[in-house]
Amino acid sequence: MDSYDIPESTPSASSRPEDYFVGATPLQKRLESIRKQTSFIPTPPRRKIPQCSQLQEDADPQNVAFLLHKQWTLYSLTPLYKFSYSHLKEYSRLLNAFIVAEKQKGLAVEVGEDFNIKVIFSTLLGMKGTQRDPEAFLVQGLILSPRLKCSGTILTYCNLCLLGSSDPSTLAFQVAGTTGACHHTGILSKSQLPSENREGKVLWTGWFCCIFGDSLLETVSEDFTCLPLFLANGAESNTAIIGTWFQKTFDCYFSPLAINAFNLSWMAAMWTACKVDHYVATTEFLWSVPCSPQSLDISYAIHPEDAKALWDSIHKTPGEVTQEEVDLFMDCLYSHFHRHFKIHLSATRLVRVSTSVASAHTDGKIKILCHKYLIGVLAYLTELAVFQIE
Amino acid sequence: MSPQKRVKNVKAQNRTSQDSNSFQTTLSAWKVKQGPSNSKNISKHGQNNPVGDYEHADDQAEDALQMAVGYFEKGPIKTSQNKDKTLEKHLKTVENVAWKNGLASEEIDILLNIALSGKFGNAVNTRILKCMIPATVISQDSVVKAVSWLCVDKCSGSTKVLFYRWLVAMFDFIDRKEQINLLYGFFFASLQDDALCPYVCHLLYLLTKKENVKPFRVRKLLDLQAKMGMQPHLQALLSLYKFFAPALISVSLPVRKKIYFKNSENLWKMALLAVKQRNRGPSPEPLKLMLGPANVRPLKRKWNSLSVIPVLNSSSYTKECGKKEMSLSDYLNRSGSFPLEQLKSFPQLLQNIHCLELPSQMGSVLNNSLLLHYINCVRDEPVLLRFYYWLSQTLQEECIWYKVNNYEHGKEFTNFLDTIIRAECFLQEGFYSCEAFLYKSLPLWDGLCCRSQFLQLVSWIPFSSFSEVKPLLFDHLAQLFFTSTIYFKCSVLQSLKELLQNWLLWLSMDIHMKPVTNSPLETTLGGSMNSVSKLIHYVGWLSTTAMRLESNSTFLLHFILDFYEKVCDIYINYDLPLVVLFPPGIFYSALLSLDTSILNQLCFIMHRASGNWKCGLLLDMTFDMGPWYRKNLTAAKKNELVQKTKSEFNFSSKTYQEFNHYLTSMVGCLWTSKPFGKGIYIDPEILEKTGVTEYKNSLNVIHHPSFLSYAVSFLLQESPEERTVNMSSIQGKKWSWYLDYLFSQGLQGLKLFIRSSVHHSSVPRAEGINYNNQY
Numbered sequence: 000m001d002s003y004d005i006p007e008s009t010p011s012a013s014s015r016p017e018d019y020f021v022g023a024t025p026l027q028k029r030l031e032s033i034r035k036q037t038s039f040i041p042t043p044p045r046r047k048i049p050q051c052s053q054l055q056e057d058a059d060p061q062n063v064a065f066l067l068h069k070q071w072t073l074y075s076l077t078p079l080y081k082f083s084y085s086h087l088k089e090y091s092r093l094l095n096a097f098i099v100a101e102k103q104k105g106l107a108v109e110v111g112e113d114f115n116i117k118v119i120f121s122t123l124l125g126m127k128g129t130q131r132d133p134e135a136f137l138v139q140g141l142i143l144s145p146r147l148k149c150s151g152t153i154l155t156y157c158n159l160c161l162l163g164s165s166d167p168s169t170l171a172f173q174v175a176g177t178t179g180a181c182h183h184t185g186i187l188s189k190s191q192l193p194s195e196n197r198e199g200k201v202l203w204t205g206w207f208c209c210i211f212g213d214s215l216l217e218t219v220s221e222d223f224t225c226l227p228l229f230l231a232n233g234a235e236s237n238t239a240i241i242g243t244w245f246q247k248t249f250d251c252y253f254s255p256l257a258i259n260a261f262n263l264s265w266m267a268a269m270w271t272a273c274k275v276d277h278y279v280a281t282t283e284f285l286w287s288v289p290c291s292p293q294s295l296d297i298s299y300a301i302h303p304e305d306a307k308a309l310w311d312s313i314h315k316t317p318g319e320v321t322q323e324e325v326d327l328f329m330d331c332l333y334s335h336f337h338r339h340f341k342i343h344l345s346a347t348r349l350v351r352v353s354t355s356v357a358s359a360h361t362d363g364k365i366k367i368l369c370h371k372y373l374i375g376v377l378a379y380l381t382e383l384a385v386f387q388i389e
Numbered sequence: 000m001s002p003q004k005r006v007k008n009v010k011a012q013n014r015t016s017q018d019s020n021s022f023q024t025t026l027s028a029w030k031v032k033q034g035p036s037n038s039k040n041i042s043k044h045g046q047n048n049p050v051g052d053y054e055h056a057d058d059q060a061e062d063a064l065q066m067a068v069g070y071f072e073k074g075p076i077k078t079s080q081n082k083d084k085t086l087e088k089h090l091k092t093v094e095n096v097a098w099k100n101g102l103a104s105e106e107i108d109i110l111l112n113i114a115l116s117g118k119f120g121n122a123v124n125t126r127i128l129k130c131m132i133p134a135t136v137i138s139q140d141s142v143v144k145a146v147s148w149l150c151v152d153k154c155s156g157s158t159k160v161l162f163y164r165w166l167v168a169m170f171d172f173i174d175r176k177e178q179i180n181l182l183y184g185f186f187f188a189s190l191q192d193d194a195l196c197p198y199v200c201h202l203l204y205l206l207t208k209k210e211n212v213k214p215f216r217v218r219k220l221l222d223l224q225a226k227m228g229m230q231p232h233l234q235a236l237l238s239l240y241k242f243f244a245p246a247l248i249s250v251s252l253p254v255r256k257k258i259y260f261k262n263s264e265n266l267w268k269m270a271l272l273a274v275k276q277r278n279r280g281p282s283p284e285p286l287k288l289m290l291g292p293a294n295v296r297p298l299k300r301k302w303n304s305l306s307v308i309p310v311l312n313s314s315s316y317t318k319e320c321g322k323k324e325m326s327l328s329d330y331l332n333r334s335g336s337f338p339l340e341q342l343k344s345f346p347q348l349l350q351n352i353h354c355l356e357l358p359s360q361m362g363s364v365l366n367n368s369l370l371l372h373y374i375n376c377v378r379d380e381p382v383l384l385r386f387y388y389w390l391s392q393t394l395q396e397e398c399i400w401y402k403v404n405n406y407e408h409g410k411e412f413t414n415f416l417d418t419i420i421r422a423e424c425f426l427q428e429g430f431y432s433c434e435a436f437l438y439k440s441l442p443l444w445d446g447l448c449c450r451s452q453f454l455q456l457v458s459w460i461p462f463s464s465f466s467e468v469k470p471l472l473f474d475h476l477a478q479l480f481f482t483s484t485i486y487f488k489c490s491v492l493q494s495l496k497e498l499l500q501n502w503l504l505w506l507s508m509d510i511h512m513k514p515v516t517n518s519p520l521e522t523t524l525g526g527s528m529n530s531v532s533k534l535i536h537y538v539g540w541l542s543t544t545a546m547r548l549e550s551n552s553t554f555l556l557h558f559i560l561d562f563y564e565k566v567c568d569i570y571i572n573y574d575l576p577l578v579v580l581f582p583p584g585i586f587y588s589a590l591l592s593l594d595t596s597i598l599n600q601l602c603f604i605m606h607r608a609s610g611n612w613k614c615g616l617l618l619d620m621t622f623d624m625g626p627w628y629r630k631n632l633t634a635a636k637k638n639e640l641v642q643k644t645k646s647e648f649n650f651s652s653k654t655y656q657e658f659n660h661y662l663t664s665m666v667g668c669l670w671t672s673k674p675f676g677k678g679i680y681i682d683p684e685i686l687e688k689t690g691v692t693e694y695k696n697s698l699n700v701i702h703h704p705s706f707l708s709y710a711v712s713f714l715l716q717e718s719p720e721e722r723t724v725n726m727s728s729i730q731g732k733k734w735s736w737y738l739d740y741l742f743s744q745g746l747q748g749l750k751l752f753i754r755s756s757v758h759h760s761s762v763p764r765a766e767g768i769n770y771n772n773q774y
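Quick mapping for you: the protein sequence lines, in order, are chains A and B. Each residue of the first sequence is one higher than the one before, starting from 0 at the first, in numbering that gives the first Met the number 0. Each residue of the second sequence is one higher than the one before, starting from 0 at the first, in numbering that gives the first Met the number 0.
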């Protein structure tokens, strides 16, 4: 920190006092809302059960399918300053060069040059809760095979679903030398791509969205774009580089979004309450017992229809979930487990919940399975993210 | 230059250092008289030359220099036999003068021409170039001429290298740089030459302006990089290019690297220092950009930062992006904007405050005091919001107990908090983000970790309604307060005192700024004062309970009374209409304390508090000590603003009844020896039962347990041989001597209290003393 050389006339003396009496400054409004939030129960005691057809009509089914069945790491994101949807192409060029420059430390690259890494920005049309929500957008990092550079930026969507199953987190960007003195810093575990996969392989995907983020939208001006929820899929190091670029460019802040046990049980209840035509997965809970020398994990799988039956017996207010119902639901599960194994699960920590709708891990990992409830799941996650950044 | 010669030169420099001043005057006189074209006819004597031996010597040296310059200008005379000797002689002359006092810009102009025109041999050129040390400045024209010689390729490669090194070293002394900047293309082309490249890079690094950065140059540099690989000088230039045109180029510097350029200056180190000293006047700071590594850290811990606070960087990124759509006015605004990197002084900030280019990441202002000023007075919502978001997220993310218990980064977090607190102290203002952070993290705080920092944050909570803050903050703090050690209690009280002080400062300024307020928070001054008084009452409650818990610890009492010392000054020091007194639990503990300093402090507070009354706040008082003070009634009238607000503000009569009660008790105990009559009332029957016969005077300034030792030592001082001391002997004159003795022992509070409450007007004083004397 530099030395504070106080000038002869300190302006602070003359400038300070208005702003707490003007009172209506946005910061003060925000503080008010924080006070309200912190003074009461952190989350509202009742929520709607996700309804199935909430996707906007212009949503591209391919896009939606692409987002499902993938494990996403959650981040909360403060509003982006001076982000503009009309400059997505420009952003992708800049980010592209930034990634390449980061990967080959010390070697400069020209923006807009053809690399074998390609970054694509694209909007996810229709991924919003209300009309006021800003458009969600997707960022993809592709690695292109040397022979066929930068073709088919849109084409790649077609086989994205296929790619989704393989785990790209082991891959790192490969940097083919733009110059003779290039240094390869990436780990080239699968660098020799098979020839049939010429168009490019998705190494990293991340998307920004805001579903029913009204509470946040109200408090910021039009210079900001509120996309509080960020989901990434790919190596952490790549997320770091891309996140840093966003932080530098739009003065925003990424922080990992963990889901605590309280919110996990809400998820469990809400997702059990969803009507699903055919169940694709069992409802499963994972508890962790922090005991030495090794921690113990308790997995508890229930047939989804049994879980639904249990929920229906508890559920009273149609279309809504209340705090009491959530507690009751979990208590039923606990007592059932205790009857059989004499273990009080309430003394342990809920770590993971997976249902046919989605599964969530306390570390902030989520996988959405059911296309119908995508928006519902995202709305709850947005709420959590907004809570974290407020 | 050979080491021998250098020694000689240094010696010469030393020898003549004493007369350098006079030499400079002659030189400047010479400059006035001579045009640059006509350097041979030198009038030796300036008009106002004082006569002296030194002057004579200087004139001689100057003559020799002129002859030498003349000689070089003519060029080598082939016929002359002792050519080498003459050459050597003249060279020596030039070198001596140059290292001693520097050369005038005209001489540099001529000699530079000669050195680069290749009239003489390589060795001579080198020697001439090495001694091109300016007396003050180098004119830009000479540099331009010299560069033109480079084009005709008359000089050898090594001379060129030396020239560039010289140019880099002397860059700051060139008077203007516009014309040189016009030669940017020429310099840029010289990058091709492998030997020159490092020095040219350095020169370009110094010379580059935003308009010099062109796509074709970027491409050229990248080609060069491809040819030569990763060269530090190239990296530096490239990163400068990236700084100016992030839309064209991207580079990330390695973390460790510190030195990017070969040191061109070491040839002239001594001389440069000398020139700088000669130029000591107001020379503009040269713009030197900081070459920091980009702060992407996909490191073990977290990727958000290397250092928590981002590096200061202009926000050229976002602006650049919308280039096509940018309107003309935007463009004009941008070109007129003031780059942050040049912001070095407070006057600069004031001049450019309307067109400051803001940092790309607002968090970086935390490390820059000038920008903190800016943040402090700017009313631009996005700026504040960006800072707010950054700070609250960083605090949350870094906080070692809030999210995950990663205690190994405690040191880092402590440092971060320290930085924030320093900034808050600097601005005398708390940040809203910190308040929000406290709300979230205080319930989870263990009371140990970063304690002093955390409590300091508490003391910087911006002024707000106490009843709103209480459930979020103070209730949690109270839990910790009651369950922690006495030291924790003391530090909490300390920070609450600071909080009170900060609130009072803001409020007192606000009265003068804005008499009429309209805020949803605290609509009137009365409302604000209500909030302050609630805070004080809350602390009163805390301290009463703490006194019980800590069984009347003197140490704790000190901190409590410290707080009340601040409280009793509210009206007098801050012009705010509020008088609050301590709760009885504190008052009586202090009055009956065994510690003299506590009693002294109590007296001081009572004295200050009575000052409020004196200032005309309290009016209707009947008191057995006689008529109360009205003489300072006018004191409050001088401030009309306060007067106005005060009129709508009523002190409850309870407050001054309470004060009177306290005062009666104190005077009764300490002075009039009627302790249990009016103040503390105890039924005489009960007193009888205790069996203490002389209870009446047992609490006066002599017998009070905390004064007893003073009384004894006073008596012993009087008559050291005495075996038994008779307390009751302190009467009459001795009484006032005893008081003087007490005052001389540093009991200033007691002195002030007695002076103001007892000795005030002659009548009650006489009564009081008489009363005592006869007792």
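No wet-lab data here; the hints were simulated from the structure. Here a beta-carbon is modelled for each residue, glycine too, at the ideal position from N, C-alpha and C. Do not take every clue at face value.
Stated by the list, open to error - A short list of chain B residues far from chain A (calculated; beta carbon distances all over 10 Å): (1) TYR388; (2) ASN529; (3) THR663.
Stated by the list, open to error - With the C-beta cut set under 10 Å, the calculated list includes, among others, these residues of chain A facing chain B: (4) LEU30; (5) SER75; (6) VAL110; (7) THR218; (8) SER220; (9) ASP330.
Violated hints, by number in ascending order, as checked against the structure: The structure conflicts with hints 1 and 9, although it agrees with all the remaining ones.
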